[in-house]
Amino acid sequence: MSVGLEHYLVVSVLLFCLGLLGVIVRRNLLVIYMSLELMLNAANLALVAFSRFTNNLDGQVFVFFTITVAAAEVAVGLALIVALYRKRQTAHVEDLTTLKL
Amino acid sequence: MQDALFYIFAFLTLVFGFLVIANPFSRNPVTSAMFLVLTIVSLAGLFVLLHAFFLAAVQVLVYAGAVMVLFLFVIMLLDLKAEERRKIKTLGILGGLVSVGAILVIFLSSLLRAPLGASNSPALEGGTVRLGKLLFTEYLLPFEIVSVLLLVAMVGVVLLSKKDLK
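Residue numbers (this note's numbering), protein chains in the order written: chain A, 1 to 101; chain B, 1 to 166.
None of these hints come from the bench; they were simulated from the model. Remember, predicted model here, so these are calculated numbers, not experimental data. Fair warning: there could be bad hints in the mix.
[As the list claims (entries may be wrong)] Only pairs whose alpha carbons sit at most 25 angstroms apart, straight line, appear in this in silico DSS-like list of lysine-lysine:
| no. | chain 1 | residue 1 | chain 2 | residue 2 |
| --- | --- | --- | --- | --- |
| 1 | A | LYS100 | A | LYS87 |
| 2 | A | LYS100 | B | LYS89 |
| 3 | B | LYS133 | A | LYS87 |
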């Protein structure tokens, strides 16, 4: 059976679930952030696969924008993490309990 | 040949992705970052198989280049050695596995039922020329807005990393 759209979508779904698992299970802010990147990349893969198999280039343009926004998002997020670390001396989510009752 | 390459790259992507979130040998964020680089490079391989050559190049340049350098720089800046001693709670892992498994089941069952009306012989080429033409005609306004967004992000980062954050 030749590789079709379904194969790429299954890979994308599995990668997305791996990223989600990382966000839930890991307790280090930076690793959580990397898992978020994994989820974004899974969505990108699905978009590119759809674009290829429906003969429509719009998906690839969308992925281009996603990559740009993700780069900006990483810069801002990492700056936030650094600012947080300066104030609280931690990058561990269990130490950040200001909102806890 | 292409099918074999797909299976190789898909396998590598998933294995490296797993090693990003749960490396049995090391809990160091630096190893996670390195495996994230490998994941992104194998994803770029999948993009090449999908004939999205420009996006594959951008993926390697922006993600494996710029973003990962930023990650490694912050890891180096924070010096996160103390994180390794903590233990992961079993309840957290169990809850995570259950919820992610439920989402996986939902995804896969909807994928099985979806009428994927895709042609089996795709002819789309994601070359730079076609993508560029589309980007500078139909998507010109979003393109310019993205440049403004990058400027805003840059100003925000400079403000956030000032010494006395008010």
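| request: Output the numbers, in ascending order, of every earlier hint that fails for this structure. | output: 3
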